[in-house]
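Enquirer: Using the hints provided, position chain B relative to the given structure of chain A.
There are 2 protein chains.
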Amino acid sequence: MGESMKGLKRTIMCGELSEKNVGQKVTVMGWVQRRRDLGALVFVDLRDRTGIVQIVFGEEINREAYEKAQTVRNEYVLAVTGTVMLREAPNPDLPTGMIEIKGESLRILSESETPPIYIKENLDAAESIRLKYRYLDLRRPDMQKKLMIRHRAAKVVRDFMDENGFLEIETPMLTKSTPEGARDYLVPSRKFPGNFYALPQSPQLFKQLLMLSGFDKYFQIVRCFRDEDLRANRQPEFTQIDIEMSFVDVDDVIELNERLIQRLFKEVLNVDIQIPFMRMPYQEAMDRYGSDKPDIRFGLELVNISDVVENCGFKVFRDAIASGGSVRGINAKGCADFGRKEIDRLGEYVKTYGAKGLAWIALKGGEIKSPIAKFLTEEELNGIIERMEGKTGDLLLIVADELDVVYASLGALRLELGRKLNLIGPDNKELKFLWVTEFPLLEYDKEEGRYVAKHHPFTMPMEEDLELLETDPGRVRAKAYDIVLNGEEIGGGSIRIHDTKLQERMFKALGFTMEKAWERFGFLLEAFKFGPPPHGGLAYGFDRLVMFLTGTENIKDVIAFPKNQNAADPMTSAPSDVDEKQLEELGICIKE
Amino acid sequence: MGESMKGLKRTIMCGELSEKNVGQKVTVMGWVQRRRDLGALVFVDLRDRTGIVQIVFGEEINREAYEKAQTVRNEYVLAVTGTVMLREAPNPDLPTGMIEIKGESLRILSESETPPIYIKENLDAAESIRLKYRYLDLRRPDMQKKLMIRHRAAKVVRDFMDENGFLEIETPMLTKSTPEGARDYLVPSRKFPGNFYALPQSPQLFKQLLMLSGFDKYFQIVRCFRDEDLRANRQPEFTQIDIEMSFVDVDDVIELNERLIQRLFKEVLNVDIQIPFMRMPYQEAMDRYGSDKPDIRFGLELVNISDVVENCGFKVFRDAIASGGSVRGINAKGCADFGRKEIDRLGEYVKTYGAKGLAWIALKGGEIKSPIAKFLTEEELNGIIERMEGKTGDLLLIVADELDVVYASLGALRLELGRKLNLIGPDNKELKFLWVTEFPLLEYDKEEGRYVAKHHPFTMPMEEDLELLETDPGRVRAKAYDIVLNGEEIGGGSIRIHDTKLQERMFKALGFTMEKAWERFGFLLEAFKFGPPPHGGLAYGFDRLVMFLTGTENIKDVIAFPKNQNAADPMTSAPSDVDEKQLEELGICIKE
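The listed protein sequences derive, respectively, from chains A and B. Going left to right, the first sequence walks through residues 252 to 843 as the working numbering numbers them. Going left to right, the second sequence walks through residues 252 to 843 as the working numbering numbers them.
One chain only, chain A, in its complex shape:
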């Protein structure tokens, strides 16, 4: 059994020690990082969350402590009292490397078996092991630092929102299932057997009701839940920074959030972010980048050559346009010397996005190489090169297809080229924020045979497009906006409809009968009879934001106890079976 720390108080943390403490008697407590026996002396590196300090034990310093020190092993928990001294051989790799502690007394507070993973930075262990022994994985200094940054980020957000008059108001976790959207996690009710709560996918309806209640400015850092099959960087439970404001329009929401982001990056990373951010309408983002979350750190923009090749000799191009599609390309600057194999690889790559193929024109020192040149007149070929601003050394890459396939495949190809040409990548520390605005209000769902809300059914159409809601719903633009950082959507929101009649028109456009709308959103529609203020807001994926702040590409690195790809926790073995009695009380049974 470990020794008691009775009568003992820690006086300083390991990483706080420096030359300033020389001569002081201190007590530190922490974990053994390593022990080295050098005969007459035993050196122990002791670790706490602030850093590591070296302690030297010796027969001449204190015999009892020295003998005990010989028995300690990695990850033992020690309390050490001693005098701080300058080191004879300073260690420049350690922040505390100028000093060491003379170990004058030692208590072993706790012992440790050999841990199944190394407690060190940048460990390369299997994820399953890291998750099973998460408490040891979290001992690693790089993991600790990430959760410290997460704490700091949440604190800065709360400070900023509070200073700006926002109230953090907690909304329920046990709420009502609303089948629009992703799949809900359900919670059986014991009082009403056969009935269920749902865990919230977001506090959307509640935050709108809080505006109706006159709270004026609301925010919350809040857990949300989606029972979806997990892709990389998705977790079944995730955290959102949720914001809503009354008496505002798009500019107000954007202006507030730019200041929030600026403050966040300044206080957490000491990085200066210039505001305002660039804004780009959705259609422009699609046309120039093939994406509604473009990475604007580099060019390689899409070029529309449809009008140039409309009547050209290459049937693939001609047919694509004739059947309502489009022909567009990217000028891969300076890539004319890509080998055939590499170009084929890019061709395969765009096929995964639905493209049927990738046409190319390589402009090599006066000579033009292209498998499609033979189908084109010189005028047509020059027309393409001119439109795409092709210069010697460039490689023109072209896709002809339905417009959404062209966008998707060229948008992905652009990113692939960006990575290949090292325009983006782990060493690129640039931060480029962008607002994408004027999203379509609706998009046609072929499967359902109706329009569905692109953002959600409460999103306000742009005034200019209101009359199109009944005549040409697909063309209505919304007061919706996403905030994009380096090609990742980190947040999004909209101004909401606050008018019952307009809300009814919206439900009609979605193909809902009013009965169905009331069945699903009745309490919101009821509430909106009683003086709803104009309002709008935004929500950030907080985990994602913290990934940027910590420089990790793995969402599990910024969550203390994440789930694996099966939404399970190998450490606690959740989910697990439960007593039959529990199910009986809930009035449910398990299907065989």
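Everything labelled a hint here was simulated from the structure, so no lab data went into it. Please read these numbers as outputs of a predicted model, since none were measured by experiment. Incorrect hints may have been included.
Among chain A residues calculated to face chain B with C-beta under 8 Å, some are [claimed, not checked]:
hint, residue
1, Leu360
2, Ser361
3, Glu362
4, Arg409
5, Met424
6, Thr426
7, Leu437
8, Phe774
9, Gly782
10, Phe812
11, Pro826
12, Gln833
13, Leu837
Note that beta-carbon positions come from the ideal geometry of N, C-alpha and C, so glycine has one too.
Expert: Here is chain B on its own, set in the frame of chain A:
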């Protein structure tokens, strides 16, 4: 449809206006509190979350605005632009009563039907209506103020904890069911049909693991869940301030929390709280107050007269002691003139706590009135009076029973007397904090025929009592403490066991086989093999704390969207039935 606020910006909030703004042109937005038509003038009181301001519309000010103003009704949402003027007839009841706004332009942003509840302070409407129209109930200024105080309290806690080096770390909501404790809310897993997550009753195990991970100081303001039948002031989901620290003993936890409470009451209410708080061992609290959460704002303490009456002539007293019980009483100072009816009522009252009756001795000006006097010698009677410090005018109230019944009934009687004598009550603003310490580690559960943990199975025994763990477990005191405010437990915690061998002894004392212990808490026991630090912590019921800060006795007043007594939400009608398809995906069915 309401008018747009395009081109319009709010320049100030209603409640912020004062003489300082006279002559300024302002734009305010808010809800119509009331409208008064005085022929040539229309007065509108406009409300936002900061307060109310009067606006005057007139034909001579602006004809269009004046005509529109005649159409507005209560709870319409308006945007008004106009010049601030001194009022001819100031209203001293209104903070903005010195001024009014000349209504120079008016937009009706949103209309309202007549709301089903009045939007005013201290509404006396049925709870079911208030919950159904919660968004209107929350418009009432007193409700808004309570949630503003809640926001401020959470902010102060976070500021304080951050300044003191604590990291807020989020723990999972989808976790493992551990049948020890209250009933879990379960969440069926789709990936593993027949398996369930549980919503956390508290992050207890996770915060201990975070200490094991070396985070040193953790806190979280976190939602917790208990599926219990709801008594008054219980909610199925509630919020906890959860705190855990490493390398500490009882004094460290107490000292930190006293500073936290002091800061909280100072910043939220501008009230100075003296620290340190009084500390009282559990046994003393029981003996003096019959309660482990005594209200120490008044006396009326319990007095043990067992030794005085051990061999007296009154059989009820004698028998109680002979069968191992106790005889104790309260001296109700100055209550000798209580009528027979009132004393009978108190007798009935203690019976609800299991007492068989209430003996009494009234000391009226020289004369002693008591139905038990005839069974006692004068010496015995005087012995009782002397021990209970009875003076002329006092009423001595006595219970003889098993000790726990004596404590429960006299503890309750004491509070009842306190209320009756106005020693405590709504007008008493005194705040008396108390630490109750040295709780029993275990208590015997007659139903289960074994000891169960009084706090939880990870609570550290006091060093002095360690050897009793096997020989006399009921006498082992724990390093557990509750923080009590005016007779309500607002938080509690303990130093935890950090030694695997001691933990095994604890499980044995609880009658667990090691197999059972591993089955239930295996991952914690596994973790504790790898160098757990000494640690301990505390958790507050945040909702309860906010009840004190807002001066309400109803927990629903401090939660934006609470559940009713059936754990249901009349507003959203959660819980509700769900699509058969959802249940199929989860592999569960509903029992008929």
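Enquirer: Hints first: check each against the structure and report whether it holds.
Expert: Here is what the structure says about each hint:
no. : hint   : verdict
1   : Leu360 : holds, 6 Å
2   : Ser361 : holds, 5 Å
3   : Glu362 : holds, 7 Å
4   : Arg409 : holds, 6 Å
5   : Met424 : holds, 5 Å
6   : Thr426 : holds, 5 Å
7   : Leu437 : holds, 6 Å
8   : Phe774 : holds, 5 Å
9   : Gly782 : holds, 4 Å
10  : Phe812 : holds, 5 Å
11  : Pro826 : holds, 4 Å
12  : Gln833 : holds, 6 Å
13  : Leu837 : holds, 7 Å
Consistency with the previously given hints is maintained throughout, with no hint failing.
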